[in-house]
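Trainee: Can you build the whole structure from these sequences, using the hints too?
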Amino acid sequence: MNALLAVIRRDLLLALRRKSEALTALFFFVIVVSLFPLGIGPDPNLLRKIGPGVLWVAALLSTLLGLNRLFADDFADGTLEQMAVSPTPLGWLVAGKILAHWLVSGLPLVLLAPMLGLQFDLPVDALGLLTLGLLIGTPLLSMIGAIGAALTLGLRGGGALLSLIVLPLYVPALIFGAGAVEAQIAGLQAGGHLSLLAAMLALSVFFAPLAVTAAIRIALE
Amino acid sequence: MTQPENSLSAHDLACVRGHRTLFEHIHFTLTAGEWMYLRGSNGAGKTSMLRQLAGLAHPAAGSVRWNDEDIREAGDAYREALLFLGHHAALKEDLTPLENLCLAAALDGLALDEATALVALRRFGLKGREELPVKFLSQGQRRRVLLSRLLTRKASLWILDEPLAALDTRAVDLLGEVLADHVGRGGIAILTSHQAIPLPGGRELMLEGVA
Chain A
0 MNALLAVIRR DLLLALRRKS EALTALFFFV IVVSLFPLGI GPDPNLLRKI GPGVLWVAAL
60 LSTLLGLNRL FADDFADGTL EQMAVSPTPL GWLVAGKILA HWLVSGLPLV LLAPMLGLQF
120 DLPVDALGLL TLGLLIGTPL LSMIGAIGAA LTLGLRGGGA LLSLIVLPLY VPALIFGAGA
180 VEAQIAGLQA GGHLSLLAAM LALSVFFAPL AVTAAIRIAL E
Chain B
0 MTQPENSLSA HDLACVRGHR TLFEHIHFTL TAGEWMYLRG SNGAGKTSML RQLAGLAHPA
60 AGSVRWNDED IREAGDAYRE ALLFLGHHAA LKEDLTPLEN LCLAAALDGL ALDEATALVA
120 LRRFGLKGRE ELPVKFLSQG QRRRVLLSRL LTRKASLWIL DEPLAALDTR AVDLLGEVLA
180 DHVGRGGIAI LTSHQAIPLP GGRELMLEGV A
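These protein sequence lines map, in sequence, to chains A and B. When we follow numbering that gives the first Met the number 0, the leftmost residue of the first sequence carries the number 0, and every step to the right adds one. When we follow numbering that gives the first Met the number 0, the leftmost residue of the second sequence carries the number 0, and every step to the right adds one.
Be careful, since some hints might not be right.
DSBU-like mimics (lysine-lysine), calculated; alpha carbons at most 35 Å apart, straight line [said to hold, decoys possible]: (1) B:153 with B:126; (2) B:153 with B:134; (3) A:18 with B:134; (4) B:126 with A:18.
I should point out that these hints are in silico values taken from the structure, not numbers from a laboratory. All of these numbers come straight from a predicted model, not from anything done at the bench.
Mentor: So this is what it looks like as structure tokens:
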């Protein structure tokens, strides 16, 4: 448990020493989301309709942006090797790294989403639901992304391959996350969508560290 | 300090890379207080063998046993006894030597207080550089930071890949002292090097390559 906290502390410290990487992904999110209202023009009905989808797609792409560096730096400088021979189970250390990734690249998106949603004229309860959906969904994106990042470790041109592996896997999260807000706006119950999203998160919390650990061991060999 | 009699043994170890057999039929047993000097030309499979011994790579044949138990079954117990320092410095460029050392210990689940870490760094001649980000250090200094882990992490088996690379003569002598201490306390060490190691009494294993 202490080791888990230590990994999180270490990765946050590293992110703090190298702020530009985290900030790039964040500004990317803000800019992509803001481009849509500017490009489409002030049609509140249309904006309200596309808003949730645009925010979710931007969140997926922004998560993808920093993903290839999640394990690559540790792999290149031998830290991953040290983690594999550490008495602490590799799964714990991996879980810590994924959690730190979410704190750096997922949580800020959740906090920014309600403000950006205002550009799409989303009503207040829809904004709340969007934020809640992203709060459940962004850890899921980090978990799935970590599997892709571990699988493409040490490959040349792994970045493009990573997008091809991960983006299709993000589809369910996108459908249910954006679907929840759309259902709410249409006056339907959104609980089902969120429950499914939470169920996927629960599954990934259990399986993702196992899959990532296996992939890292293969990459190290 | 009483230590149980530890032993590391290799049984019929082999390594295959592509269609080439790097080495095969390697047998040895090291018991407490023994150290081994692994030699061979470039590409003979020294690093591959160390990685197999550390459990990072699966042997193509044979097994590695720690206290007569296969290391894959020994698992955490083996990794607790093992300190493996590889080719890479495993240091974070943006962190200071002190932070690197403390975090490396924390990842192993061990608490390391700053005073102990500072003593280790100073012993390796890094006084005054404890708070400087590693990216400003030279290759040799980075190596010294890495080797400071030998003093801060308690382990009965050391597997060191090219520990003398980039070190100056004083650091080489120092490493010899540290190794002698370790072996004198009943530790086991395996290392590769292209330079002479200032420590007498080691066993030697020569990898000659399989035709």
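Trainee: Now tell me if each hint is right for this structure.
Mentor: Hints versus structure:
Taking the CA atoms of residue 153 of chain B and residue 126 of chain B, the gap is near 22 Å; set against the 35 Å cutoff, the hint holds. Distance check on the hinted pair: residue 153 of chain B and residue 134 of chain B sit about 27 Å apart at the alpha-carbon level, within 35 Å; holds. Restraint check for residue 18 of chain A and residue 134 of chain B: the C-alpha separation of about 17 Å stays at or below 35 Å, so the hint holds. Straight-line distance between C-alpha atoms of residue 126 of chain B and residue 18 of chain A comes to about 29 Å, which keeps the hinted pair within the 35 Å bound.
Checked against the numbered hints above, the structure breaks none of them.
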